[in-house]
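These protein sequence lines are chains A and B, in that order. Take 30 as the starting number for the first sequence in the numbering used here and just add one per residue. Take 30 as the starting number for the second sequence in the numbering used here and just add one per residue.
In short, the hints are calculated from the structure, not lab data. Please note: incorrect hints may appear among the correct ones.
Note that the list lumps identical chains together, so a pair holds whenever it fits in one copy or between two copies.
Distance condition first, Cα-Cα at most 20 Å in a straight line; then the derived PhoX-like pairs of lysine-lysine [said to hold, decoys possible]:
1. 193 x 58
2. 276 x 193
3. 58 x 201
4. 58 x 204
5. 293 x 58
6. 58 x 276
7. 293 x 201
8. 201 x 276
9. 276 x 204
10. 130 x 92
11. 276 x 130
12. 284 x 204
13. 58 x 130
Number of protein chains: 2
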Amino acid sequence: MLDAFINQVVPLIDEINRTFLRSLDLAPKLKEAMLYSYNAGGKRIRPVLLLAVIEGFGADISKGLRTAACLELIHTSSLIHDDLPAMDNDDYRRGLPTNHKVFGEATAILAGDSLLVDAYRLIATDELLTPTDRVRLISELSTCSGANGMIGGQELDIENENTKIDLDTLVKINKHKTGKLIEFALVAGAIIANQNEVIIEKMRRIGEHIGIAFQIKDDILDVEGDKAILGKNTLRDEKNHKTTYVKLLGLEGAKHSCQAHYEKALTLLRSLGMNTAVLEALFRLIIDSNK
Amino acid sequence: MLDAFINQVVPLIDEINRTFLRSLDLAPKLKEAMLYSYNAGGKRIRPVLLLAVIEGFGADISKGLRTAACLELIHTSSLIHDDLPAMDNDDYRRGLPTNHKVFGEATAILAGDSLLVDAYRLIATDELLTPTDRVRLISELSTCSGANGMIGGQELDIENENTKIDLDTLVKINKHKTGKLIEFALVAGAIIANQNEVIIEKMRRIGEHIGIAFQIKDDILDVEGDKAILGKNTLRDEKNHKTTYVKLLGLEGAKHSCQAHYEKALTLLRSLGMNTAVLEALFRLIIDSNK
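Let the hints inform the model, and build the full structure from the sequences given.
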C-alpha cells in the first residue's frame, strides 16, 4: 500500500519539478546543475510525507503537490551546499559525483541559491490554494528552512565539528538541520488539509520525533551501512570528527533511542483520529531502511 | 527633497531588518555574519526606489516598508555570495573585509542562504498587504532573484569571465544580474500602490533602463573611480578579465549610453502622470554618484 502511494505521487512531484526546472533556462549550465542534483534520486521522503498527511485526513492530495515539490527543491538545495568544499567537502552523493565536482564550485553555489529562491514560486502561484494558505505555507517554510531552522542547524553542525558536544547540543543541531523540513512536511500537510491549530501543533511534535529518529538512523547507517547500497561513503562522521548519537549513546543505545522517538511519534499520530495506514508505513520505512 | 526622503525611509528599513535579523538567533555566529554584511552600509538604493514609486503614486509608503526591507536582504545575500573565493574572490566590500574573510567560507555561504530564505517571511507575514498582493510580490521577487533573474545573470557573468563577448550578451548579463532587482523595486512599488497592469509593465521597462544605466555607471567607476570613496578596489574588471561597457564602447561611448538609458527611463516615467520629483532625483543620483 505504501508502495502504491509512493508510485502514485512521486512521478507527479518529479514531473512538476522537472518541468519547472527546465523552464529556468536563462543560463543553461545552471539549469543542468539543478536538474543533475534533482535527478540524482533520493526517496522523496519529505514530499511523500506531506502528501501522506493530506491523504490521511481524507483531503485532496492534488492540493499539496506543488508545496510538496517545492519542499524537495529546498532539500535538494541543502544537499548541494552541504557537500561544498567549504562545508562537508563530499565528493559523492547518492553514488554520483557531487554537484561542485561536475559543475564547479561557483555554479554549485548558484544552483543551490536558485533552488532556494525559485522554489517559493511553486507555492506562491499555486491556484489550488487560497492566497491565505499560500502565505502561511511560505512563512512556515521560510522559518523551517532559514537561520532559525535547517540552515541554522547546518551552521551549528559545522561550528561543532571538532568539538566534544553533549546530547542536548546534538539534539538541538539535528532538530534543526534535519528535523525542521520533516516538521514542515507534516505541518504543511495538516494546513493544506484544513486542520485546526491543535492538530497542526501535534503534527509539529510528530515531525520533531520522526526527524530525530531519522537522524539517529542516519548516524547508525554511517557506522553499519554498506557504501554500495547507500551511494555515499560511510564512516564520514568519524572522518569529519563529528559527534553522533552512536558516539554518545553507543550503537545499541542509539538504536533504542531511535525506536523510542518512533514510538512517541506513533502514539501521537494515533491520537489524531485520522487514517494512519500510509503514514505508519512511511515512519517504519524511515526507521528500517538501509539507505 | 531626495535627502529628506532618504533620511525618512532608510532608518525605517534598517530598523525592520536589524530587528528581524537579531531575532534569528539559533546560531549566533550566523546572525553576526548576516548583520555584519547588512550593516556594512550601501545606499539602500533598491528599497528607496521601491518606496519612492509608492510615494510618487500618492499611496501610503508604510505599506511598502517590509517589501523594501526584504529586497535589501536579498541584495545583501547576493553581495556575500558574489564575493566568495569561488566567485569574484573579493577581499573588500564597502571598505570592509568581505564576509568570508571575517566569518569563514562556510558561514558566509550559509549567511547568504539564510538571507535569501528568511527574507520572504517579511512579505509573507506583512499584514498591511492583502494575501493576494503578498503572493504576487513573492512570485515577482522569486522570478527576479532566481535562475531566470539575478542569480542566472551572475552565472552568465561568471561563465563569460575569460571570454570575449558582444554587446548583446553583456546587456543580457547585466539586465539580469543587476537589472532584475531594480526592476522588482519599481514593479513592486506599483503593485503596492494598486496600479493597473499597463502601468506595472511600464515600470518594468523603466526598471530595465535604469538597471542598465546603473551597471554602465559601475563599469565607468571601475575605471575612473577612487578606491577610497568607492570602498572597494578599482580595476577589478580588468583583473577578472571581464568584458565591460567601457571596453566595448570606450569611456565616452559608455557615458553616452548611460545617459541615453537614463533619458529613456525619464521619458517613460514622465508619461505616467505621477509625481516624479523624488524618483527623478533618485535616477540622477544613480547616474551621477561617485560610488
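Tell me, which hint numbers fail for this structure? 5, 6, 10 and 11
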